[in-house]
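Residue numbers (this note's numbering): 5 to 294.
Just so you know, the hints here were simulated from the structure itself, not pulled from any lab data. Bear in mind the structure is a predicted one, so any value in this text is a computation, not a measurement. Treat each hint with caution, since some may be false.
Derived pair list, reagent style DSBU-like, types lysine-lysine, alpha-carbon separation capped at 30 Å [to be verified]:
no., residue 1, residue 2
1, LYS48, LYS67
2, LYS185, LYS220
3, LYS285, LYS223
4, LYS224, LYS173
5, LYS67, LYS235
6, LYS290, LYS200
7, LYS288, LYS61
8, LYS235, LYS96
9, LYS96, LYS109
10, LYS72, LYS271
11, LYS220, LYS200
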Amino acid sequence: MSAIGYYITLPLIYAISLMPFWMLYGLSDFIFVLIYHVFGYRRKVVMANLKNAFPEKSIAELKSIEHKFYRYFCDLILETVKSLTISESTLKKRLSFASMELFEKYYSQKQSIVIVMGHFGNWELGGARFAIEPLHQLFVIYHPLKNKHFNGLIYKMRTRLGNGLYAMKDTLRGMIRDREKVTATAFIADQTPSPKGAHWMEFMNQDTPVFIGTGKIAKKMNYPVVYVSIKRRDRGYYEISLEDLVADPSMVSAEEIVERFTQRLEKDIHEMPEYWLWTHKRWKHKRPNA
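With the sequences and hints as input, model every part of the structure.
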């Protein structure tokens, strides 16, 4: 999109962001009709993913998950836009922590940590919610967009409440630079890596490449690994739970770290499958020499 197109679109983005939630969800219901019933956005990808992930489920069960997923997907998009302007008081009202004990323990020890999470629930609102707690400085790993205008908008959205960002290729360099701070570095670690150099394991009933870098970095920095789950309890309301996944990364391999994360994420997906990002072509690669 050109600079002119961006500046034409920008007022609409902010208008949506400033909507009250009841209006936002009315718009979401309308968008759902368009992308699900009219345009069928990636429905073949979603259904193929669901069939492969849940071979034991009937077509009726899969269609039910698909339908619920697309409804949530529309909410997720608009809630993410909402994060451009959402207030701290609204974040506290709509996202609660099951317990902060784990974060508080590590913070009292002045211990930096690695956070691992998936594209499950609303990770954008979750990051914003963490920013307003007087604990670790949160740094989020991100892949810069090619469009410099939208990249700047995303950067503003993710940092306006105090979070920092590390570009993916600069993650380790940034963590080493900031090692004197008490930080929490968040890896959304269920993306699709290149097959070359990936660690392969079974995930959602399929042979799957996973990023090994998260485990390697946790070991190199010797930072405990905390799993974060963001579960929707009602429309627009989430509960954030924490789990000590690897308290001492020196005692396990990088491969075991990423396997523990992937298996823990799989448990969440089985419990609430409609809240994972099924539009992603997660299984587009095949194991080399398979």
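These are the hints, each one checked on the structure:
1. LYS48 to LYS67: OK: LYS48 and LYS67 at ~12 Å, within 30 Å.
2. LYS185 to LYS220: The given pair, whose Cα atoms are some 20 Å apart, holds under the 30 Å limit.
3. LYS285 to LYS223: Measuring from Cα to Cα gives roughly 29 Å; hence the hint holds.
4. LYS224 to LYS173: Given that 30 Å is the threshold and the Cα spacing comes to 16 Å, the pair holds.
5. LYS67 to LYS235: Holds, at roughly 21 Å.
6. LYS290 to LYS200: holds, 10 Å
7. LYS288 to LYS61: Given that 30 Å is the threshold and the Cα spacing comes to 22 Å, the pair holds.
8. LYS235 to LYS96: holds, 15 Å
9. LYS96 to LYS109: Cα-Cα ~21 Å, so holds.
10. LYS72 to LYS271: With Cα atoms ~18 Å apart, LYS72 and LYS271 stay inside 30 Å; holds.
11. LYS220 to LYS200: holds, 16 Å
Of the hints listed earlier, there is not a single one the structure fails to meet.
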